[in-house]
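Asker: Chain residues, written in single-letter form:
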Amino acid sequence: MTYRIQAIDSSRDITCAAQRLQQLSREKPLATQLILDIFDQWAAALDDRALRDIPGLTFLRLWLRRGNLEPIVLRELGASALNGGWRDDGRARLRAFPLGVVGHWPAGNVEIQPLLSLTCALLGGNCCLVRVPSRLVAITERVMEKLQKVDSNGSLTERIFMASFNHSRTDLHEAMAKTVDGAMIWGGADAVAQVRGLPFPHWTRVLVFGPRLSAAAMDAETWGDRTDRFSWCRRIARDVWQFDQQACSSPQALFLERGAGCDPDQFVEDLKQAFQEENRHHPRQQIEPALTSAISLARASWLLANDGNSALFPASPDWTILLGTATEMPNPTQGRTLSVLVVDDLLKVISSFDGTLQTLGLGIKDASKEEMLAIAAGRSGVDRIVKLGRMHVFSSPWDGTELIRPMVRFVRHVPSED
Amino acid sequence: MSGLVAIEQEIDSLLLQPPYGVDPKQRQTSLLGLLKKELAYACEQSPRFRNYVEHWPTDFRTAESISDLPYLPVGVFKANPPLTLTGSDQVKRTLTSSATTGQIPSRVVLDAATARRMAKGVTTIIRDFIGPARRPYLVIDTSQNLASQAEVGARGAAIQALGAFATEVVCCLRSGQDGGLSIDLNTLLACAGKWKHADVLVYGFTYIIWTQLVQPLRREGITLDIPNVHVLHSGGWKRLTEQSVTREAFIGGVASVFGCSADRVVDYYGMVENVGVIYPDCAYGNKHVPAFAEIIVRDPLTLAPVEPGQRGIIQVCSVLPTSFPGFLLLTEDMAEVIDYDGCPCGRRGISFRFAGRVPKAEVRGCGNLGNTRHHQLQEVGVA
Chain A
339 MTYRIQAIDS SRDITCAAQR LQQLSREKPL ATQLILDIFD QWAAALDDRA
389 LRDIPGLTFL RLWLRRGNLE PIVLRELGAS ALNGGWRDDG RARLRAFPLG
439 VVGHWPAGNV EIQPLLSLTC ALLGGNCCLV RVPSRLVAIT ERVMEKLQKV
489 DSNGSLTERI FMASFNHSRT DLHEAMAKTV DGAMIWGGAD AVAQVRGLPF
539 PHWTRVLVFG PRLSAAAMDA ETWGDRTDRF SWCRRIARDV WQFDQQACSS
589 PQALFLERGA GCDPDQFVED LKQAFQEENR HHPRQQIEPA LTSAISLARA
639 SWLLANDGNS ALFPASPDWT ILLGTATEMP NPTQGRTLSV LVVDDLLKVI
689 SSFDGTLQTL GLGIKDASKE EMLAIAAGRS GVDRIVKLGR MHVFSSPWDG
739 TELIRPMVRF VRHVPSED
Chain B
140 MSGLVAIEQE IDSLLLQPPY GVDPKQRQTS LLGLLKKELA YACEQSPRFR
190 NYVEHWPTDF RTAESISDLP YLPVGVFKAN PPLTLTGSDQ VKRTLTSSAT
240 TGQIPSRVVL DAATARRMAK GVTTIIRDFI GPARRPYLVI DTSQNLASQA
290 EVGARGAAIQ ALGAFATEVV CCLRSGQDGG LSIDLNTLLA CAGKWKHADV
340 LVYGFTYIIW TQLVQPLRRE GITLDIPNVH VLHSGGWKRL TEQSVTREAF
390 IGGVASVFGC SADRVVDYYG MVENVGVIYP DCAYGNKHVP AFAEIIVRDP
440 LTLAPVEPGQ RGIIQVCSVL PTSFPGFLLL TEDMAEVIDY DGCPCGRRGI
490 SFRFAGRVPK AEVRGCGNLG NTRHHQLQEV GVA
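For the record, the sequence lines run as chains A and B.
Note that the first sequence ends on residue 756 in my numbering; no numbers are left out.
Note that the second sequence ends on residue 522 in my numbering; no numbers are left out.
If you're looking for bench data, these hints aren't it; they were derived computationally from the structure.
Quick reminder that beta carbons are idealized off the backbone N, C-alpha and C, glycines included.
Hints may contain errors.
Now the in silico label distances, taken between C-beta atoms and shown as ranges [to be verified]:
(1) A:703 / B:228: 32 to 38 Å
(2) B:305 / A:534: 56 to 62 Å
(3) A:717 / B:496: 54 to 60 Å
(4) B:218 / A:653: 19 to 25 Å
(5) B:229 / A:666: 32 to 38 Å
(6) A:739 / B:354: 52 to 58 Å
(7) B:494 / A:420: 55 to 61 Å
(8) A:653 / B:515: 34 to 40 Å
(9) B:287 / A:345: 41 to 47 Å
(10) B:494 / A:512: 35 to 41 Å
If we strip away everything but chain A, and leave its shape as in the complex, we get (with noise of 0.2 Å):
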């Protein structure tokens, strides 16, 4: 039972898909507890051999749980959106509705955003018109099988509509805007500026999830205590490789508070160490040129820039790690390449982040501490604040924003015969 998605050609195609869900939107509500058995059903179906190959998957499934997504819906939508039923809101009542169809533009650099990012909508109850990045299509059917087949009477399956085409190809986005109530946008500057820009109607609720950077961070009694650095470099290599580090929450420095007695050589060994396990275990099957360039750019850059700077990084362009001081961001160049900054005082440093920001990897065995830093990311724009390892980890908030509630409008009922 093979998924395909549709190579879209003709702006009627993507009109005619739309039509059909909405009318599907309007005329069949899914019940949410539907909704989460087959999510469920479809974390359990993926857990196969033959989908290990799935950048992000073991995240995916993750976020599909039932123990995961539920208490998410509660939050958002009230605890009577798990049965379809209102809640008091004083003398009122509260229930959520679906937009109605919901439009997805994922970014082309994560492979499982396009699920991520419907299943949100889902979740709602609404239905989704998604366009599947070209190098996304192959890796996004394949998963979408497990679905249909856990979703036995199409329930959910019917409710999306995938389409990939050709990304200027301006006519089928702007179809696709047109008839849209909402819209999931994800990716980088260029990419969100020119799907904003789409005509969609006045109606139509825009969430948007720009390009950001990641960081991470550790005080000195953790990244200098000898017993448990190996396993922390292990979390940071982890964070690193995944999506080839190209995701908003892959990050891309790391910055040491220093310590009396902690050797940031001897630190950044370890992590030399759990980098070339890591890639052992994930080494790279292809690269685009441009990136090697970038990288091979990077090492030298830093190198020359100050004789000071240190690095450790292989022949090949597999991974880097640019060791030295500094105070703010450095330039991502990605490709597993991390900028390993020695501080004097990290609240200082996070102090100065600007927004930029999306999420913050901590390392810190001072809980105290660690609630001072978590106030001072959060006032300077970090949205996501987790401990090292679980950088990747999808869930709500995201950038800060809810994920099901903008997709839903709450309905207000003041009975009348009160």
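Go by the hints and put chain B onto chain A.
Answerer: Then chain B, alone, in the frame of chain A:
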């Protein structure tokens, strides 16, 4: 004898060898030894360069192959001030690359010795393709590019490098008040009449030859009728590709305008950072490397040298520069290795074909920021 003097003597002796007659293994051995000495010298001169070399995964002193030596990406020459191994009082010229709009040009500094070797290198290579005789030299560009200046662009450097072959130099373009170029037809036709039976050297950037010479002359139905010409051109195909002009169409157009055979039109690859080394096409369409240089084509995935028939990123190697660390440079260009020896043209060593610039990265994902919020706000005067 100081280290530099010994190095310079070795370079000079390599420049005296037939450029394409050295056995590849012998060349590997002689270049490897000399490049190691040059790296050691560069490390003495520049602590920053030494820092780079010391962090290279293998020690260059024990390297058994040129491909194991530490190389720099050409992008580092976009830094200002430029990377140098010599005092500012020794700098004779600065060469700048032909960066397109919005790009930062590369800059390399030449002292007198490097400048002399640069001229010698180019002369040695070109002589092998067109012979040693001096002849009239027609430049498809303006005379401004002949001026001796402290800072010279890629076009000027390429034009001036061929000056050693000239008995007289004529530039056949003029620049208008708007900065645009136009052909000086009277001068050109006078030269054509005078040089009808002479051996003539012509040089111009590829797109300039096409847009400023071939297209206007074709429109006018003019043939210059200089059959003994050698037309050398360089600078890349990007602009002609954008105009859907194929290599064959270009060669055919040039040959018809000069009234010469197609084999007299020679494309060469080169860059300002790789001073003194250019790579003209042989009669079989392949590019070759002279005795004082080497080319390594690296697999982007592993950065290891590729097998014949495979494509990769070009690394250029040259022993000629001593005023800047341009011995071993990873370019932003791609090539296909044809073979590591045995081109039917008889030139020894690697033969390769240029395969365009490294394509820009296509995926522009959620981690691809472009600019920080702070910088964006600064641009609008808020931060």
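Asker: With reference to the structure, classify each hint as holding or not holding.
Answerer: So, going through the hints one by one against the coordinates:
Remark: the range hint 32 to 38 Å for residue 703 of chain A to residue 228 of chain B is contradicted by a beta-carbon distance near 55 Å. Taking the beta carbon of each, residue 305 of chain B and residue 534 of chain A are about 58 Å apart, inside 56 to 62 Å as hinted. Distance hint for residue 717 of chain A and residue 496 of chain B: a CB-CB separation of about 44 Å, inconsistent with the stated range 54 to 60 Å. The hint said 19 to 25 Å for the Cβ distance between residue 218 of chain B and residue 653 of chain A, and at roughly 24 Å that hint holds.
For residue 229 of chain B and residue 666 of chain A, the hinted distance range of 32 to 38 Å is satisfied, since their beta carbons lie about 36 Å from each other. Here the CB-CB span from residue 739 of chain A to residue 354 of chain B is close to 56 Å, well matched to the stated 52 to 58 Å. The beta-carbon spacing between residue 494 of chain B and residue 420 of chain A, approximately 59 Å, falls within the hinted interval of 55 to 61 Å. Separation of residue 653 of chain A from residue 515 of chain B is about 38 Å and conforms to the stated range, judged on CB atoms against 34 to 40 Å.
In this structure the hint that residue 287 of chain B and residue 345 of chain A lie 41 to 47 Å apart at CB is violated, the actual value being about 60 Å. Hint check: residue 494 of chain B to residue 512 of chain A, Cβ distance near 37 Å, so the stated range 35 to 41 Å holds.
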